[in-house]
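Residue numbers (this note's numbering), protein chains in the order written: chain A, 1 to 519; chain B, 1 to 62.
A couple of the hints might just be wrong.
[As the list claims (entries may be wrong)] With a Cα cut of at most 27 Å, we get these calculated DSS-like pairs of lysine-lysine:
no.	chain 1	residue 1	chain 2	residue 2
1	B	K40	A	K105
2	B	K40	A	K277
3	A	K105	A	K271
[Said to hold, decoys possible] With beta-carbon atoms standing in for the labels, derived distance ranges:
no.	chain 1	residue 1	chain 2	residue 2	range
4	B	A29	A	V204	16 to 24 Å
5	A	G215	B	D51	55 to 63 Å
6	B	Q48	A	E494	16 to 24 Å
Rather than coming from a laboratory, the hints here were simulated on the basis of the structure. Note that the structure is predicted; figures quoted are calculated from it, not measured. All C-beta atoms, glycine included, are put in the ideal place defined by N, C-alpha and C.
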Amino acid sequence: MMLQIDSTVVTWGWGFLVAYIAMILGLGYLGYKRTETQDDYATARGGFGFLVLALAYAATVASGSTFMGIPGLAYGMGFKAGYYAMIYPIGIYIGVLFVARITKKVGDRFGSQSIPDFLGDRYQSPLLRVLAALIGLFLLFYIMAQVTAAGWMFETILGLEYGTGIWIAGALLLVYLTAGGSHADILTDAVQGAIMIGVTILIVVMFATGWGIDGGISAVNGALPSDMGWNSHTDPENPTFANWWVIFLLFIAHIGFTAQPHLGNKFFAIKGSQYMKKFMTAAAIVGIALPLMFLGGVLGRAQGIQIDNPDAIIPMLFVENLPAVLAAFLGVAILSAIISTADGLIIAISQIFANDLYRKTYVPWSGGDPTSDRVNQRALWISRISTVVVTIAAVAAVRTPPQYLSILLWVGIGGIISAYSGPYLVGTFREETSKTAAIIAFVVAFGVYFVIHLGPQFGLYEGWYPYNQNPFASTGIGLIISCMVTYIVSQFTEPLPTSHLDEVFRPERQASTDKNSDD
Amino acid sequence: MVSYLLILILIHGCSLVNVLQVLAITTTAYLLFVAFWILKMEDYLETQEEDGGKIRNDRTKT
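Whole structure, please, built from the sequences with the hints as guidance.
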């Protein structure tokens, strides 16, 4: 779809794009200067304060979906889209409260460099690490979705062909990620997060004042068709908002969202565990604010903006209502939101190859020492090479946007949430959680998710789960099954050795025990 | 305001409140939960972890 964009917007858009590229290249260089080891590249361990990390985390969560998909949903469905927009961050940031402290503590103690690695260390299980890493590879579809969104943004704001836009997005990512790894990822995401807050505030002000419509918020509601107005809570025809139960499952599913490898690895980067409370508070507040972008979709519909692709409603709202210079700036800001999610995903996948499969699996299996300098240098090179390969593969795969991209996207997201949640969430609160329980729950929950959602979506058979079309309602069930199986199987299986549990949960005590036994 | 809306929901279901009011309530409840977790639960869990290890070690000794 080629939109008719004012040439002034396009000119300003190019100007802001050049400034944006200069900024991320500068931050990428800064990241490069701070990256000496594989651990620096993979985690930026202990490298950032709570505010920078909270902004980076919120920016990574708020992907192209928050700035394009959700406002597009609101444009098509009205106020009830707010139940997705505002409920999903509640799930995610409650999940952060549950797991952040332990992930940081255990990750630092064992030198874990990714969430699959963390699970392997927590449960002393190379098998769990490999299983988690292999399922994590499905995040490639998530990157493909972000690159597709970036291509559309280039088309909408800069008037570029979609096919050209995706390669520019890929090149941008490559330049700063290959050099600066996690440091560059977090630095650029933090700046992008700050810009995104500004955009969100602008949208909220436009909505609250009923921009372009006389009469404020009530007039916005009045301008909508009755089934989109604020008195319409659910829609039996729409799988996502069919009833209150599926909305509740949407919340449940997102509690496990923080287990996604590109989010969980951010916890390692905070300077110290003592900053964790401040990080959690800041992230929880910023994170709930950004999805208010859905109000822009509602306002766009109320203003009667006609558009073929609802996902482009926010840029079109800017183009229709604001001076060209501001519209162009905000368009580039949305592009930065998309890029900020894609970069975290690429780093996470590169670590599956470099750390989870090579350093922590292949090297010990072949009798080598995973902590040796030689292995670490080689892992750093694998990180950089796999960053290049993954980025090029993702861009090449969406030259023609795949027909089943949204389904494939949820193979990764829903599969990871279903499989990881039990071992990750239950294992955080219950020390007694056994290795056997974690592995069984991992496999069973992914299987359940496949049976109730993926099978019918791929057309393998008729779905019997009433909400099989709804990935959130299916993932919510996967998460519940995963947690239940982890808990129940742990009751009947051997817990991990006490010495290991002390090392995981009470490193200070373990250290003093080691010292006494040496004496 | 929030408690008034909550009472309305409890008595009449969602028919008397609009989407924005429901979202205002859930967001307020969320922020209260975050505050409770940060101020109370984090310290409690850390103490639990310490005690959990102590209890297990005592059991091992007996």
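Hint-by-hint comparison with the structure:
For the given pair, K40(B) sits about 19 Å from K105(A) by alpha-carbon distance, which is consistent with the 27 Å threshold. Of the supplied pair hints, the one linking K40(B) and K277(A) holds, its CA atoms being roughly 11 Å apart against a limit of 27 Å. Proximity of K105(A) to K271(A) is assessed by CA-CA distance (about 11 Å); at most 27 Å being required, the pair is judged to hold. A29(B) and V204(A) have their C-beta atoms about 20 Å apart, which keeps the hinted 16 to 24 Å range intact.
Roughly 59 Å separates the CB atoms of G215(A) and D51(B), a value that falls within the hinted 55 to 63 Å. As the Cβ distance of Q48(B) to E494(A) is approximately 22 Å, the hint placing it in 16 to 24 Å holds.
Of the numbered hints given earlier, the model fails none.
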